[in-house]
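Number of protein chains: 2
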Amino acid sequence: MPTNASQEKIHLDDIAPGDEFLSSEYLVDAGQIVDFARQFDPQPFHLDEAAAKNTFFRGLAASGWHTGAITMKLLVESLPFAQGVIGAGGEISWPRPTRPGDVLHVKSTVIDVAASRSKPNQGIVTVESLTLNQDGEVCQRLVAKLLAFRKPA
Amino acid sequence: MPTNASQEKIHLDDIAPGDEFLSSEYLVDAGQIVDFARQFDPQPFHLDEAAAKNTFFRGLAASGWHTGAITMKLLVESLPFAQGVIGAGGEISWPRPTRPGDVLHVKSTVIDVAASRSKPNQGIVTVESLTLNQDGEVCQRLVAKLLAFRKPA
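For the protein sequence lines, the chains are A and B, in the order given.
For the first sequence, the numbering used here assigns the number 716 to the initial residue and increments by one for each residue that follows.
For the second sequence, the numbering used here assigns the number 716 to the initial residue and increments by one for each residue that follows.
The set of hints was computed from the structure by calculation and includes no laboratory data.
Among the hints, a few may not be true.
One copy or any two copies: either way a pair holds, since identical chains are not told apart in the list.
Stated by the list, open to error - When the alpha-carbon atoms are kept at most 27 Å apart in a straight line, the in silico BS3-like pairs for lysine-lysine are as follows: (1) K822 <-> K860; (2) K866 <-> K768; (3) K834 <-> K866; (4) K834 <-> K724; (5) K768 <-> K834; (6) K724 <-> K860.
Pulled out of the complex, with its shape left as it was, chain A reads as follows (with noise of 0.2 Å):
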């Protein structure tokens, strides 16, 4: 059942596979596609949109890493994590690029939840967050090792 983060924190041992979470949504703008670009990935296609018309991306295209920074900011208001949402890393791909007028929000699903054996208070918990479009179109597939830890004795 979709939860967010007006609900209570919840520890390692009240997560399971399959526990969903739904993110609100984020429009992205031409204005912060290129701002972005310019500080973290300044390339054409990033930049300006005639430019990037003769491009690969054959329009302007936000930066993959910028769709990351928006999919954190979401996954921050939409994953209850006590002590917050800390990633230890994890697999991403960018199926298509976030466009602009684009309306994000992620969808995150548990995979796996793993005490850890050596520090007992905490585990690794992995979730799958899909970034989808206005359109239901996924932007951006993250699969990621979150840190996650029990309650207070």
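Fit chain B to the supplied structure of chain A, relying on the hints for placement.
Coordinates of chain B only, in the frame set by chain A:
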């Protein structure tokens, strides 16, 4: 041999496993860490040194997505792929966080080169990019699948 963006652009047939590319350096300060976190990852350990002391990170730490974005900036300058640095996806991990005052650089090594079966003019180059701090410690490991293109006939 390390190469950089001042050299000629390279195409699919120019790239081979073992090829290395070294980026320039990038100084990360507390202001940048907090600015990025306010936009994309607003959690106490990324926002405020005092609040961060009592968290998992025991002090202010950059968002992993900030380290990823800075890495992309350094890759755009250091990977001289014709048509740009275009990632389809990859694996990412953050063995340690980027801290205020860190000076990052990225060392990239080509792991695999595969021609596309369906698109004769392109292929996928697998590149490991280590984002290292001034002490040579790994803040991020990224193994990315990048698009590369054949030289036009």
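Structure-based check of each hint:
For the identical chains of this complex, K822 and K860 are neighbours both inside a copy (16 Å) and across copies (24 Å), given an alpha-carbon limit of 27 Å. In the homo-oligomer, the alpha carbons of K866 and K768 lie at most 27 Å apart only across protomers (20 Å), although the nearest pairing inside one protomer, at 52 Å, exceeds that limit. For the homomeric pair K834 and K866, the shortest alpha-carbon distance inside one copy (14 Å) is at most 27 Å, but the shortest distance between copies (52 Å) is not. Taking CA atoms no more than 27 Å apart as the test, K834 paired with K724 passes inside one copy only; the shortest distance there is 21 Å, against 48 Å between copies.
When the C-alpha separation of K768 and K834 is checked against a cutoff of 27 Å, the pair qualifies only between copies, where the shortest distance is 20 Å, while the shortest distance within a copy is 52 Å. In the homo-oligomer, the alpha carbons of K724 and K860 lie at most 27 Å apart inside one protomer (18 Å), although the nearest pairing across protomers, at 36 Å, exceeds that limit.
Hint check: no violations occur; every hint is consistent with the structure.
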